[in-house]
Amino acid sequence: AQSVTQLGSHVSVSEGALVLLRCNYSSSVPPYLFWYVQYPNQGLQLLLKYTSAATLVKGINGFEAEFKKSETSFHLTKPSAHMSDAAEYFCAVSDGQAGTALIFGKGTTLSVSS
Amino acid sequence: DAGITQSPRHKVTETGTPVTLRCHQTENHRYMYWYRQDPGHGLRLIHYSYGVKDTDKGEVSDGYSVSRSKTEDFLLTLESATSSQTSVYFCAISDWAVSSYEQYFGPGTRLTVT
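Top to bottom, those sequences are chains A and B. Sequential numbering of the first sequence, starting at 1, is according to the working numbering. Sequential numbering of the second sequence, starting at 1001, is according to the working numbering.
What the hints contain is simulated information worked out from the structure, not anything from laboratory work. Do not take every clue at face value.
With the C-beta cut set under 8 Å, the calculated list includes, among others, these residues of chain B facing chain A [what the hints assert, rightly or not]:
#1 PRO1008
#2 HIS1041
#3 GLY1042
#4 LEU1045
#5 TYR1048
#6 GLY1058
#7 PHE1090
#8 TYR1101
#9 GLU1102
#10 GLN1103
#11 PHE1105
#12 PRO1107
#13 GLY1108
Treat the numbers as computed from the prediction; the structure is a model and nothing was measured. Where a beta carbon is used, it is the ideal one built from N, C-alpha and C, also for glycine.
Model the full structure from these sequences, guided by the hints.
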């Protein structure tokens, strides 16, 4: 069975600081991995995805994530936080089979202070 | 943005009453999903559909039923609402042939059962 663990339910950074949100997965098959962002009272928006191509994946809004098979990790980073990055972030995993639902982590709330 | 709408967006209902939530898509995607989002739990799959009249259960399906009579509509029914079903419900769509594994989410329905 697949699972996702997001380390830290709440992360706080200063504007301009590095953002690092951690995600570890468990999967018996090559995984497909996703990061979604949710702004208050909105749905989930795809930030980026890993689907077995390049291990360093670039997404929207300056975010990127690196797939590390040896560490079973897919951490999300951004070099310089902006106030508008404050949101909840979800890591999700899929086995890549057509129609398979995503398995989500419990989410990490990012706060950005000025 | 993917053409996904959910109705109603907010609903307050009493324990024991039936409730139906609607998800409508204009993307002609094959797969549709219902998730619920609760604090500390991330998103959990309730039911999903892989075509008209083809549905299956997810992780937290007890107390819920679904129907899909047309490609564009996926209905979620709470036969007799309970307070434990107070949650935010999200619909998602995907089509492996089109969007390469990721799912697109609707804006959500906030349901309160009193």
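These are the hints, each one checked on the structure:
1. PRO1008: violated (14 Å)
2. HIS1041: holds (6 Å)
3. GLY1042: For B/GLY1042, the interface hint holds, since the closest Cβ of chain A sits about 4 Å away, which is under 8 Å.
4. LEU1045: Where the cut-off is 8 Å and the nearest Cβ of chain A is about 4 Å from B/LEU1045, the hint holds.
5. TYR1048: This interface hint holds because 6 Å falls under the 8 Å limit.
6. GLY1058: holds (6 Å)
7. PHE1090: holds (6 Å)
8. TYR1101: holds (5 Å)
9. GLU1102: Hint on B/GLU1102: holds, closest Cβ of chain A at ~5 Å, below 8 Å.
10. GLN1103: holds (6 Å)
11. PHE1105: Since the shortest Cβ distance to chain A is 4 Å, the answer is holds.
12. PRO1107: holds (5 Å)
13. GLY1108: Status holds, d = 5 Å.
Going down the numbered hints, you'll see the structure goes against just number 1.
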